[in-house]
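Colleague: Residue strings, one per chain:
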Amino acid sequence: MKISKSPWVLHYDGSSCNGCDIEVLATMTPLYDVERFGIINTGNPKHADVLLLTGGVNAQTAPVIRQLYNMMPDPKVVVACGICACDGGIFKECYNILGGADKVVPVDVYVPGCAVRPEALIEGVVKAVGILEEKKKKLKESMKAGYCTVDYSKIAIHMTADDYDPTNQYDAVLTEEALRQQAEEKIKATAKPAPKPAPAAAPKAPVAAPAADNTKKGENA
Amino acid sequence: MAIIIGLLKYASPFRSAVIMLGGFTIMAAAIYVAVNVLMSGDTSQFMYLEDAEIPNHFIMAGEVFLMCLVCFLSIKYKKYYAILISLVGTIPVLWMDLSGNAVEGSTHLRIDTFAAVMYLIVGIVGILICIYASGYMKDYHHHHTDVVDRSNYFLALMFVFLGAMFGLISSDNLGWIYFFWEITSVCSFLMIGYTRTEEAVNNSFRALWMNLLGGVGFAAGLMYTNMYLNMSNLSEITAAGASEVIIIPVTLFAFAALTKSAQFPFSRWLLGAMVAPTPSSALLHSATMVKIGVYMLIRLSPVMQGTLTGVMITVIGGFTFFAASLLAITVSDGKKVLAYSTISNLGLITACAGTGTQEGVWAAVMLVLFHAVSKSLLFQTVGDIENCMHSRDIEDMHGLIIKLPRLAFIMIIGICGMFMAPFGMLVSKWAALKSFVESGSVWLVLFLVFGSGSTLFYWAKWLGKICAVIHQSFELEDITPRSEMVSIIPLTTMIVIMCFAFPWMSGNMVQPILSEAFEGTIENVIGGSDVIIMMIMVAMVFMIPIGSRILSIGKNSKMTMSYVAGVNAGDDRHYIDSFGKERALYMSNWYMEDYFGEKKLLWPSIIVAAVLVAVMLIVVVGGNI
Amino acid sequence: MTVTIIVKAILYIILAPLIGGTLSGLDRVFSARMQGRQGPPLFQPFYDVFKLLNKQTTVVNSIQVLFVTGYLIMTVFTGALFFAGGDMLLVFFALSMSEVLMVMAAFSTNGPYSIMGAQRELCQMMCYEPMTLLVAIGFYYANGSFMVNDLIQAEKPAIMYIPGFFIGFVFILIIKLRKSPFDLATSHHMHQEMVKGLTTDLSGGNLALVELAEWYDLVLMMGIVGMFFITANPISRLWAIIAVSCVFFLETLIDNLFPRVKYITMLKVTWTVILVFAGTNLLILNVLK
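Protein chains in written order, with this note's numbering: chain A, 1 to 221; chain B, 222 to 846; chain C, 847 to 1135.
Hints in this document: simulated from the structure, not taken from any laboratory. Please read all numbers here as calculations on a predicted model, not as lab measurements. From the three backbone atoms N, C-alpha and C, an ideal C-beta is built for every residue, glycine too. Keep in mind that the hints are not guaranteed to be accurate.
[Claimed, not checked] Derived coverage of chain C by chain A (criterion: at least 3 residues anywhere in the stretch with Cβ under 8 Å from a Cβ of chain A; other residues may be distant):
id, region
1, 897-904
2, 1042-1051
[Claimed, not checked] The calculated SDA-like cross-link candidates involving lysine to any residue, where the alpha carbons are at most 25 Å apart (straight line), are:
id, chain 1, residue 1, chain 2, residue 2
3, C, 1108, B, 817
4, A, 5, C, 881
5, A, 2, C, 889
6, B, 557, B, 829
7, C, 1108, C, 877
8, C, 854, C, 875
9, A, 5, C, 877
10, A, 2, C, 899
11, A, 136, C, 889
12, A, 5, C, 885
13, C, 854, B, 754
14, C, 1114, B, 826
15, B, 821, C, 1111
16, A, 127, A, 25
17, A, 5, C, 1114
18, A, 5, C, 883
19, B, 820, C, 1114
20, B, 359, B, 614
21, A, 5, C, 865
22, B, 820, B, 802
23, A, 127, A, 139
24, C, 1002, B, 663
25, B, 297, B, 419
26, B, 802, C, 1040
27, B, 820, B, 421
28, A, 5, C, 879
29, A, 127, C, 1002
30, C, 1114, C, 1103
31, A, 138, C, 896
32, A, 5, C, 902
33, A, 2, C, 861
[Claimed, not checked] The calculated label-pair distances, taken between Cβ atoms and stated as ranges, are:
id, chain 1, residue 1, chain 2, residue 2, range
34, C, 1013, B, 718, 54 to 62 Å
35, C, 1126, B, 371, 26 to 34 Å
36, C, 1078, B, 659, 23 to 31 Å
Isolated chain A, as found in the complex (with noise of 0.2 Å):
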């Protein structure tokens, strides 16, 4: 048996106009009914398998992206959805978007269109599925090797440790309020950087073209 035979899909909006999430919605309705392929539109990344990623990404979003790669269990693949996805599409040049989804973390498929069609993206997830498999594979190895016990619960997306502010939060507890500010001074004291969250090198699919900056993907913050 195939795990390629229930791909689980996630969708993030990174910062699209919407026309692509409509697109990805509208492929899993009832009419291009992608069930019968055993795809089923988690809304949860500890139980997907496949994350589509519509829109490129902005400051805001990137840590959101990264944190939900690194709670999708692998083997998982990335699919960017959309022109904008890709490689930033036509707000490339805005003061707020870092690129495509490929500048936070590694994409497999690349499938593009303004707005994408549904059955290039369900194409897209299939050529995907083929990814997972190949990387479910290379799970193995690594897990003799020990790599996935890397500890990602102490990844703390902090924005800055200035704009905390203890007198407009809101706290419900007044003991998880001193637990809390254990944590922090906790956190302080021994912070250490991120560790990667994944191997680097993912194979291209053939479907869309590589965008244009491709080194830096896998770099974390």
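Based on the hints, put chains B and C in the right spot on chain A.
Modeller: Below, chains B and C alone, put in the same frame as chain A:
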């Protein structure tokens, strides 16, 4: 009597070492007596004291003293109604004794299996609570500097209380039982009022008048038996069998028992008892005070079978079980949840005793045993947690398993003991269901099944709060003194042992009680194959943690944060909002106050139960005189 | 005697996941056809579980694994107890214990969606717990025993005595099988109001264990439905199977017809249904007895 005098002597020394020594001596004595009784084939031993004159005078003096004490305190705090009730209860009994109307020449003491089982409960659980108290009171006064330190007086009271318990259990003479009954009422009143704050005084007087009202009922029953039936012993009444005459005092005693075991409509005194320091609530709730009520009911239950009194007692008990378990959902104060759960469990015991069937009594005795141990453990743990965290709110126990692992683990065992499948309470609930079905009481079955649903809800959500693992949080300092652990650890061990030992307990402790109560051999209540299945379940519960350690399940797993829609700030308790700020995130438990809140449900249930009690008294007592 | 019991239990342990998985695949195909689409293959649930087992497991803490394993083991034990002919009351007590373990797994993660799911699951348990206990009591009234072994030797099918209990039980099966309108604790993946509730923070192998446990649970529930029809007569087993299929189809239909309700509506509706149908039935039985 020797035990009591011994107790009173030990009550005067105050240092904790002496308490421990004295406590263990008493415990050893209690265990010795109980084991002796259980092992000797001849179960019921009646004793007639030849020189009963002195104890009788002593008891009479004691009653007068109690009355005067109540009067004095009532005047001091300007609660005059308590005087009235006290006078109404005591003076007729005194008059009866002095005027020679009381029946003489019957036995005074009775020590049988049931008494032995109660000895074990009071001796072990009660003394452990006293030992706990010696350490606890020090911490308590450390935190509550505004309260005058009278802990010596408090500890002395606890021992007097236990003494009265022993006395009550061993007495067969109704007059003596009445005396000890009143001692416990007054002692609990004094303990609740310990802090002398306004709230404490009010609550203590509430406890006083409710219990004294029960005492009046008891006194009335006592006079009726003495003057009309020419009986002065409890065993004579239970042996007499159900008849129209005998049912009147039985109803009156049952009424007194309802007040003592805090059934609706008399539950509010037990809730008010929360203001007292934890050891006294543990003592009142688990091992002693409330158990007197059910003790009386279980003693009386063979007589109540099939009578209107029995039916009414069962309905009141069932109703209390259901209503209190709904109310327990809505409160978040740890001690209050425990209080409601006590009321609810006592309701179940009352209902079981009221059916008067063999299974019912079996279930009732089992429930008494398991409840005493689990509940005292829970109270003590909550007290310790309060000392460590300065809060006993369930919401503050979030992540307790990380903050105070040792106490959390003990607490988990205690809570599991209260409701989870293979643990003791459920065995008894199972028997209770069987007995209800057999006695054909539809309402009771419905009360029980709906009550079990809500019981499950409030315990499981508490358990969940404790089990929540919060990342990047640290252990708090566990300041539980050793003397408290001396008490807590044996209780925890006992719960675990009792899980395995319940078939043995059933055979050696409960079955003899049944054969005493129902006279004749009793077939085994719990069947062979069921015991095996339950044993498998118990074994599995303890095997799963060990087994998963050995199999090292989850060693290959990767740690992540919990899912907070992608903006987890890193410690699972904060998220980053749309302005980039970190915000605290906290999931509170459900309390459903709009639906089952105290404001909505407490008074209606009290009124319903009050009507039921009134109907019982009027129809049974009024109809038969 | 002991050998038959063990054989029955082992048969259940082996066959139940196969039957349960197929049933849940059937459920998905039915749903898809009701929505006018082709739907997944019949064996899709098996593919899903196989995939989950092949994935890496991410956990929030290590206690989680313990609770989930406990949940599976207790559920299997419950089912084995039932099909081996054990005591009905004990079956339901063990069942509620396994559910509590699952809820604890969700609580221990401290994730908001998990905890919300856990609270809702507890609320659901509060709704159906009375009915499951009543079912055992109903069988006792009908045939005078709590033992499944004695119940299947009945003269007349239990449904003749306790139709009200049957209605109540089919009603709470909506909750038990996590069907809309009462799928508050975990919904289908498509209905994402609270992500996946109870199972949000479970993944990989752990999630596979939960799925497996639910298959066992499904078979157990269907077994109890069948119990209402089984008598000493072998033909009655056919009737039981027909009844089970009808009930299963009905549940899928209800799932597709109704939108989700609030928890308090669920509480009110289920308790009323239980009181009206099962309570009245109990009262009548008691009067006739």
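Colleague: Holds or violated: residue 138 (chain A) with residue 896 (chain C), Cα cutoff 25 Å?
Modeller: holds (18 Å)
Colleague: Taking 25 Å as the top limit, are the C-alpha atoms of residue 2 (chain A) and residue 899 (chain C) close enough?
Modeller: holds (12 Å)
Colleague: Does residue 1103 (chain C) lie within 25 Å of residue 1114 (chain C) when you go C-alpha to C-alpha?
Modeller: holds (20 Å)
Colleague: Are there at least three residues in the region 897-904 of chain C whose beta carbon sits under 8 Å from a beta carbon of chain A?
Modeller: Our answer is that it holds, as 6 residues pass the Cβ test (under 8 Å) against chain A, meeting three.
Colleague: Hey, residue 1108 (chain C) versus residue 817 (chain B), does the alpha-carbon distance stay inside 25 Å?
Modeller: holds (17 Å)
Colleague: CB of residue 1078 (chain C) to CB of residue 659 (chain B), is that within 23 to 31 Å?
Modeller: holds (25 Å)
Colleague: With the threshold set at 25 Å, check whether the alpha-carbon distance from residue 854 (chain C) to residue 875 (chain C) stays at or below it.
Modeller: This hinted pair is violated, its Cα atoms lying about 30 Å apart.
Colleague: Tell me whether the statement that chain A covers the region 1042-1051 of chain C is true, taking a Cβ distance below 8 Å and needing three residues at minimum.
Modeller: holds (count 7)
Colleague: Just tell me: holds or violated, for the beta carbon distance of residue 1013 (chain C) and residue 718 (chain B) against 54 to 62 Å?
Modeller: violated (44 Å)
Colleague: Below or equal to 25 Å on CA atoms is what counts here, so check residue 5 (chain A) against residue 1114 (chain C).
Modeller: violated (42 Å)
Colleague: Residue 854 (chain C) and residue 754 (chain B) were given as a pair; does the straight-line alpha-carbon distance stay at or below 25 Å?
Modeller: holds (15 Å)
Colleague: Check the hint pairing residue 5 (chain A) with residue 883 (chain C) against an upper bound of 25 Å on the C-alpha distance.
Modeller: holds (18 Å)
Of the numbered hints stated above, those contradicted by the structure are hints 8, 17, 22, 29, 34, 35, listed in ascending order.
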